[in-house]
Amino acid sequence: MAVETHQINVDTQGNTHVVDITPLLVEKLNLADISVGIAAIFVVGSTAGVTTVEYEPGLVNHDLKAFFERVASESGHYEHEKMWNDDNGHSHIRASMIGPSLTVPIRDRQPMLGTWQQIVLIDFDTRPRRRSIVVQLIGE
Amino acid sequence: MAVETHQINVDTQGNTHVVDITPLLVEKLNLADISVGIAAIFVVGSTAGVTTVEYEPGLVNHDLKAFFERVASESGHYEHEKMWNDDNGHSHIRASMIGPSLTVPIRDRQPMLGTWQQIVLIDFDTRPRRRSIVVQLIGE
Amino acid sequence: MAVETHQINVDTQGNTHVVDITPLLVEKLNLADISVGIAAIFVVGSTAGVTTVEYEPGLVNHDLKAFFERVASESGHYEHEKMWNDDNGHSHIRASMIGPSLTVPIRDRQPMLGTWQQIVLIDFDTRPRRRSIVVQLIGE
Numbered sequence: 000m001a002v003e004t005h006q007i008n009v010d011t012q013g014n015t016h017v018v019d020i021t022p023l024l025v026e027k028l029n030l031a032d033i034s035v036g037i038a039a040i041f042v043v044g045s046t047a048g049v050t051t052v053e054y055e056p057g058l059v060n061h062d063l064k065a066f067f068e069r070v071a072s073e074s075g076h077y078e079h080e081k082m083w084n085d086d087n088g089h090s091h092i093r094a095s096m097i098g099p100s101l102t103v104p105i106r107d108r109q110p111m112l113g114t115w116q117q118i119v120l121i122d123f124d125t126r127p128r129r130r131s132i133v134v135q136l137i138g139e
Numbered sequence: 000m001a002v003e004t005h006q007i008n009v010d011t012q013g014n015t016h017v018v019d020i021t022p023l024l025v026e027k028l029n030l031a032d033i034s035v036g037i038a039a040i041f042v043v044g045s046t047a048g049v050t051t052v053e054y055e056p057g058l059v060n061h062d063l064k065a066f067f068e069r070v071a072s073e074s075g076h077y078e079h080e081k082m083w084n085d086d087n088g089h090s091h092i093r094a095s096m097i098g099p100s101l102t103v104p105i106r107d108r109q110p111m112l113g114t115w116q117q118i119v120l121i122d123f124d125t126r127p128r129r130r131s132i133v134v135q136l137i138g139e
Numbered sequence: 000m001a002v003e004t005h006q007i008n009v010d011t012q013g014n015t016h017v018v019d020i021t022p023l024l025v026e027k028l029n030l031a032d033i034s035v036g037i038a039a040i041f042v043v044g045s046t047a048g049v050t051t052v053e054y055e056p057g058l059v060n061h062d063l064k065a066f067f068e069r070v071a072s073e074s075g076h077y078e079h080e081k082m083w084n085d086d087n088g089h090s091h092i093r094a095s096m097i098g099p100s101l102t103v104p105i106r107d108r109q110p111m112l113g114t115w116q117q118i119v120l121i122d123f124d125t126r127p128r129r130r131s132i133v134v135q136l137i138g139e
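Chains as they are written, first to last, in numbering that gives the first Met the number 0: chain E, 0 to 139; chain P, 0 to 139; chain B, 0 to 139.
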């Protein structure tokens, strides 16, 4: 049994940009000494989240954005924006709702996903960002 | 320290069917060589999620369904449905919101849950499904 | 590789009280034999959740509360409240949405968080509660 810390860096456009990070995870797994266990995926920062979705244009470019706009609208009132005089109150709310962590089982150096299930980073911030995702592999 | 991969299969009715999988997890734990550690629970597929809830009829058969219908309505417009000409856009949104993964601490071969806290699979798809849930046990 | 079980106890005011538990986690990590791995954080009970947020008054005292009130209103109709003749249907829905578990990578005895990212317990119940949070450390 061992622990391995990997880091995935992703450039995003912000504004609820949904990025498929599955190929980047698989790349790390191909280099790892761990072939069975878990990948604890964690995005550093408070305006992004990690989940899974079928990565196809309708969901990724429209339906997810429409959902987040409905439950935490960009144009809503946020006290947070007074603090820093910025415009990303909705980004924080969306990120806390989705959460920064996802734990995926690993077997034969592969994430045990469904065929139409991809691991995504969603960047809710209001500007392009370079994001760091920590992948803590635990297993053997 | 070791890793053990278990699989739980559940037949659901779809349509936000909430299934208590706690007894199925306990069954696996009773057969396991690991008595202390974590159970990383992960549902394979992009139209189901895993969380905890007090498993009683009001919440399970009414309140959760009403909540999901409010935030991601079955009758809403989803671009996803053009892709495959299907009807489960809301299922994907609900699944991404809840997330496919839940990590539960294990002690004395038992999940460390509250008395009124059960682990549930929620199947958001629009038809009955057979679901696979991977339980990656890590511990000693 | 080892497993260590720690417990964090927090007194809350309920009513979507957001508590920063990062210092309490760091305190446990300072006493632990594990310096690299994961902290699997899990709140026991079905009316509280765990996530991360920038811990500043605007988000914590206003924006998060307003969000939860919008998607699962305290004054909504919940069948759950008939079961026990109580008033916390919305608390259960909010808790199931956020989820009870969060897995954070650990390195050099520190959680690998962003500068403005804190780990929070949110207590959705309608009265003050003493909460138990299990921290399962796995690593070396």
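No lab work stands behind these hints: they were computed from the structure. For glycine and all other residues, C-beta sits at the position ideal for the given N, C-alpha and C. Please note that a few of the clues may not be correct.
What the hints assert, rightly or not - No more than 20 Å apart at the CA atoms, straight line, and that leaves these computed lysine-lysine pairs for PhoX-like:
{"hint": "1", "chain 1": "B", "residue 1": "Lys64", "chain 2": "E", "residue 2": "Lys81"}
{"hint": "2", "chain 1": "P", "residue 1": "Lys27", "chain 2": "E", "residue 2": "Lys64"}
{"hint": "3", "chain 1": "B", "residue 1": "Lys81", "chain 2": "P", "residue 2": "Lys64"}
Said to hold, decoys possible - Covered stretches of chain B, going by a simulated chain P footprint (3 or more residues, C-beta under 8 Å):
{"hint": "4", "region": "36 to 45"}
{"hint": "5", "region": "52 to 60"}
{"hint": "6", "region": "87 to 95"}
{"hint": "7", "region": "99 to 108"}
{"hint": "8", "region": "130 to 137"}
Tested hints:
About 17 Å separates the Cα atoms of B/Lys64 and E/Lys81, which keeps this hinted pair within 20 Å; it holds. For the suggested pair P/Lys27 and E/Lys64, the alpha carbons sit about 39 Å apart, so the restraint of at most 20 Å is broken. With a C-alpha separation of about 17 Å, the suggested pairing of B/Lys81 with P/Lys64 holds against the 20 Å cut-off. For the region 36 to 45 of chain B, the stated coverage by chain P is satisfied: 5 residues place a CB nearer than 8 Å to a CB of that chain, which reaches the threshold of 3.
With 0 residues having a Cβ less than 8 Å from any Cβ of chain P, the region 52 to 60 of chain B misses the three-residue criterion, and the hint is violated. Requiring three or more residues with a Cβ within less than 8 Å of a Cβ of chain P, the coverage given for the region 87 to 95 of chain B holds, as 5 such residues are present. Check result for the region 99 to 108 of chain B against chain P: holds, 3 residues qualifying (beta carbon to beta carbon below 8 Å, three or more required). Coverage of a stretch by a chain is defined here by at least three residues with a beta carbon nearer than 8 Å to that chain's beta carbons; for the region 130 to 137 of chain B and chain P the count is 3, and the condition holds.
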